[in-house]
Amino acid sequence: MTTLDNTAEQAARDRRRSRTRRIFGVGGAYTVLIGFAAVMLFPFVYMVATALKTPEDTFRYPPKVLPRAPITTTVDGVDVPLFSLPIDGGEANVFLAEEGVEAGVFVDPASPEDSLAWPMSLATETGATATLDGESVPVYTVQVGSEARDLAFQRGTVVGRFVGIDDPSIETFAVVRIAEQESLAEGVAPQWGNFREVTELRDVDRALTNTILVTILVVAGTLFTSIMGGYAFSRLRFKGRDAIFLAYVGSIMIPFTVLIIPLFRLMVSLGWIDTLGSLVWPFLFNAYGTFLMRQFFVSIPKDLEEAAVIDGAKRWKILWGIFVPLSWPAIATLATFMFLYAWNSFIWPLVSINGANSDDFVLTIALSTLGGQSGEGPNLIFAAIVLSVTVPFLVFAFAQRYFVENVATSGIK
Amino acid sequence: MTAPPLTAETRREVGSTPAWFTPLLVWRVLVAAGFAVLLTTRRGIAIEGANRVLVLAGVTLALFVAMLAGYQTYRRRHLGRLLGFTVDLLTASVTGFMALNRMSFFNGLDAVGERFNRNIIWLVVIVAGWLISGWSERGGLSRPRIQRIGRYIMAGGAAIMVLAMGLLGAIPGVLANIADLEVVPVLGVAIVAALFARIQIGESAARLFGTTQSQSEGFDGLLFIAPNALGFLAFFAGPLIFSLVISFTEWSGLQPAEFVGLANYRELLGDALFLRSLRNIVIFGLVAVPLTVAPALLLAALLNSKLPGIRVFRAIYFLPSIAGVVGVTLIWKQLFNATVGFLNYSILEVTEFFNGLFGTAVAAPQPLWISAPEVAMISVIILFVWQRIGFDTVLFLAGMQGIDRSLYEAADIDGAGAWTRFRHITVPMLRPTTFFVVATDIILALQTFNEPFILQAPSTPAGPGNSTLTPVIYLYQQAFQQFQIGYGSAVAWALFILIFGITIIYFRRQGEDGFLKA
Numbered sequence: 001m002t003t004l005d006n007t008a009e010q011a012a013r014d015r016r017r018s019r020t021r022r023i024f025g026v027g028g029a030y031t032v033l034i035g036f037a038a039v040m041l042f043p044f045v046y047m048v049a050t051a052l053k054t055p056e057d058t059f060r061y062p063p064k065v066l067p068r069a070p071i072t073t074t075v076d077g078v079d080v081p082l083f084s085l086p087i088d089g090g091e092a093n094v095f096l097a098e099e100g101v102e103a104g105v106f107v108d109p110a111s112p113e114d115s116l117a118w119p120m121s122l123a124t125e126t127g128a129t130a131t132l133d134g135e136s137v138p139v140y141t142v143q144v145g146s147e148a149r150d151l152a153f154q155r156g157t158v159v160g161r162f163v164g165i166d167d168p169s170i171e172t173f174a175v176v177r178i179a180e181q182e183s184l185a186e187g188v189a190p191q192w193g194n195f196r197e198v199t200e201l202r203d204v205d206r207a208l209t210n211t212i213l214v215t216i217l218v219v220a221g222t223l224f225t226s227i228m229g230g231y232a233f234s235r236l237r238f239k240g241r242d243a244i245f246l247a248y249v250g251s252i253m254i255p256f257t258v259l260i261i262p263l264f265r266l267m268v269s270l271g272w273i274d275t276l277g278s279l280v281w282p283f284l285f286n287a288y289g290t291f292l293m294r295q296f297f298v299s300i301p302k303d304l305e306e307a308a309v310i311d312g313a314k315r316w317k318i319l320w321g322i323f324v325p326l327s328w329p330a331i332a333t334l335a336t337f338m339f340l341y342a343w344n345s346f347i348w349p350l351v352s353i354n355g356a357n358s359d360d361f362v363l364t365i366a367l368s369t370l371g372g373q374s375g376e377g378p379n380l381i382f383a384a385i386v387l388s389v390t391v392p393f394l395v396f397a398f399a400q401r402y403f404v405e406n407v408a409t410s411g412i413k
Numbered sequence: 001m002t003a004p005p006l007t008a009e010t011r012r013e014v015g016s017t018p019a020w021f022t023p024l025l026v027w028r029v030l031v032a033a034g035f036a037v038l039l040t041t042r043r044g045i046a047i048e049g050a051n052r053v054l055v056l057a058g059v060t061l062a063l064f065v066a067m068l069a070g071y072q073t074y075r076r077r078h079l080g081r082l083l084g085f086t087v088d089l090l091t092a093s094v095t096g097f098m099a100l101n102r103m104s105f106f107n108g109l110d111a112v113g114e115r116f117n118r119n120i121i122w123l124v125v126i127v128a129g130w131l132i133s134g135w136s137e138r139g140g141l142s143r144p145r146i147q148r149i150g151r152y153i154m155a156g157g158a159a160i161m162v163l164a165m166g167l168l169g170a171i172p173g174v175l176a177n178i179a180d181l182e183v184v185p186v187l188g189v190a191i192v193a194a195l196f197a198r199i200q201i202g203e204s205a206a207r208l209f210g211t212t213q214s215q216s217e218g219f220d221g222l223l224f225i226a227p228n229a230l231g232f233l234a235f236f237a238g239p240l241i242f243s244l245v246i247s248f249t250e251w252s253g254l255q256p257a258e259f260v261g262l263a264n265y266r267e268l269l270g271d272a273l274f275l276r277s278l279r280n281i282v283i284f285g286l287v288a289v290p291l292t293v294a295p296a297l298l299l300a301a302l303l304n305s306k307l308p309g310i311r312v313f314r315a316i317y318f319l320p321s322i323a324g325v326v327g328v329t330l331i332w333k334q335l336f337n338a339t340v341g342f343l344n345y346s347i348l349e350v351t352e353f354f355n356g357l358f359g360t361a362v363a364a365p366q367p368l369w370i371s372a373p374e375v376a377m378i379s380v381i382i383l384f385v386w387q388r389i390g391f392d393t394v395l396f397l398a399g400m401q402g403i404d405r406s407l408y409e410a411a412d413i414d415g416a417g418a419w420t421r422f423r424h425i426t427v428p429m430l431r432p433t434t435f436f437v438v439a440t441d442i443i444l445a446l447q448t449f450n451e452p453f454i455l456q457a458p459s460t461p462a463g464p465g466n467s468t469l470t471p472v473i474y475l476y477q478q479a480f481q482q483f484q485i486g487y488g489s490a491v492a493w494a495l496f497i498l499i500f501g502i503t504i505i506y507f508r509r510q511g512e513d514g515f516l517k518a
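Going line by line, the protein sequences match chains A and B.
Numbering-wise (the working numbering), the first sequence opens with residue 1 and increments by one.
Numbering-wise (the working numbering), the second sequence opens with residue 1 and increments by one.
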């Protein structure tokens, strides 16, 4: 009996312990996952925020993520800037209500750095004097908010009267020029106009539509040739088929680097340099796509088409009527692969669209040209980046499955 | 429909000779004669330099095939049909391509680009229609009416777009180019060749040449593979051979190429800049690849543990690899900014936090990420790792999901802990995936170009003190800035040999460990 009890107790203790360990394990797992997710996401958050900044805001130190800009308020139907000035130990948002108030610069004789520009109407002469830089100056009692201070008068000046936006009884004074430089009130203020501005800039607009056009043509063309080729490799027996297929598969191994120079020379001799065609025509034939479609077609059972063959249907009809509708997953996978490739390729456009004609820019080239110029503020460059990233992200949101599928199948091959 | 299995002989006797047979024979003779003229006259092949040998060999082969095709066509053999069709298809493709290129057909895409830009709104309509028709099938419900509406919107949008872009109106412009006298004969040859190719596809040709069922299958195979294979030859295989040939020449692209044998490769071995680029890229790979693979393996293992929210994390990790390298590099360029960048600011904040915690006064390092020779490569590594981790994670995850669950169940019964299971089941079973991940990462790392190029723009992509010079950047500089096209090609092939060698060695090493045999 006792031994049994002991075992039961032991088991319960084990269960408890394993549950604690599990909770710790799950907590640790989520900590790691969330940590990496933050690292992966931060640059994109920063991207969107920077795209909405003013040019000055992008050079701020210490850097702030959210876009900040001077804020304004409407007084008597006019937009006026807001200032953030110290009042009674705190700070308040105020606007300039009156300019040209006669004032003096008052200095604490004990610590000459502590100076204050304040209207003469709030200062009363005490009759005493103090020594400032070896000169004898009069001392005033200055009423600052609720506090009265005895300060030495240094020289005369002019200040502005600032009044609180919410509470008109709040009132403070400051030299207007200095306040405009140092104390403009800031708030989170996204500059949506950046997006309009960037599309008017250096043909980013054309680059965006050119990229869309090139991508559509490359994806559609590759799908067509790959489906045709994949069908021939999977279903039609002909002499040399396996040798050609081997050449195709082997060619996947060969890096594009080797092809850049000869393809460029080919474009030169065809007269295709600096044309959109150089980004489309050479890329409609893809060995990887043919391989992918072939692998999928091989897995389609033969008896599905046999009935059609007996009916005497042409192979063309069998392919587009039976094979293609069955192969949407593979087609979508290939489409996402080609989409990413066409949308994001950089080195090829860099050599083949080499800059004479910005009408033929694609986004990657427009971006790198913008990024290499010191003239444009980073905010506009980032607005262009947002444009270039939005489309792949949208497509990803709709077709996540196929992106992941694409990666997974590339791993299996 | 399918005739009883007749022999080739009897089939031939069944049908009478169709009207097109004599013209076809004449055409076959003409084509062969054409190739002979091309080969023997001085003006025939105007190409000089390295390509000349290749083109001459190609035309000689074509002449031989054309003659054989003619003879076999005369004898009404299927081989004649097959070869004749091949020759005609190639002739029509090459001459048609030449004529269309002469008529600026392929460059017409630029004009389309401008019209496309002005009518982009219709693309939005098409996409909206597509989304509507797709949405109609959501949740297992089929709403045919909504689907039809979506399709109508799509078709309408596409039709309006084509009309608004004036694509139909552009056709007369292209046709007007035919007036160019040099185009007419070439285009004529293309049209006639295409016509005869079409005739030879037809049913009556199959009967006349006594094509059997399996021969017909092979013929169809040729047809289906043709668009792909022609493009493959023109834009892959041809350039590849051309690249190898010019890597043995000295060529600026202006004068004819001069054959120099292995001199380019010999020069590479003593080229300090090339060796520097190799050193850079090897160090880069040795650091960046493990830093990518190890966290990816960890993340995949965590994602594989069936916790809720996995899909969200997987999607987030995947974002850097779809965002496009130019965009993300420019984002990081700003983060790397030495004075106002977030990276140095975070280093400062973290250092101050720990200084406050321990009462120390450690000075926070504030490296000039991109512009200091000691750290420029580190910024490229950070960027590479950040971009690649998510992709590798998804790969590993796919591999892990393929591991037999019963192995883990057996281990559970034996009382194995999480670490033991990971070490003794996951890691060994994941060998093929790991091999693939590491190999692709190495291949990718060795070809690094975009990141240093964009980070360093507008100054030289070689980076401060050549610290981010990679072989591909060196290739780019040699071929496209110094116009040393032959030498640049030699760099490309040397890099390819390096990549290939490393992959093979790695493959062998893995093979000895036994996963290939298993």
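No wet-lab data here; the hints were simulated from the structure.
Cβ coordinates follow ideal geometry from the N, Cα and C atoms, glycine included.
Misleading hints may appear alongside valid ones.
[What the hints assert, rightly or not] Computed footprint of chain A on chain B, listed as stretches where at least three residues anywhere in the stretch have a Cβ under 8 Å from a Cβ of chain A:
(1) 166-177
(2) 255-267
(3) 379-386
[As the list claims (entries may be wrong)] Looking from chain A toward chain B, a few residues come up when the C-beta cut is under 10 Å (computed):
(4) I23
(5) L33
(6) F153
(7) R265
(8) L284
(9) F285
(10) W316
Now the hints, each set against the structure:
1. 166-177: Since three or more residues must qualify, the claim that chain A covers the segment 166-177 of chain B is violated, with 0 doing so at under 8 Å.
2. 255-267: violated (count 0)
3. 379-386: violated (count 1)
4. I23: violated, 12 Å
5. L33: holds, 5 Å
6. F153: violated, 42 Å
7. R265: holds, 7 Å
8. L284: Interface hint status for L284 of chain A: holds (6 Å vs cutoff 10 Å).
9. F285: holds, 3 Å
10. W316: holds, 9 Å
Hint compliance for this structure: hints 1, 2, 3, 4, 6 are not met, and every other hint is.
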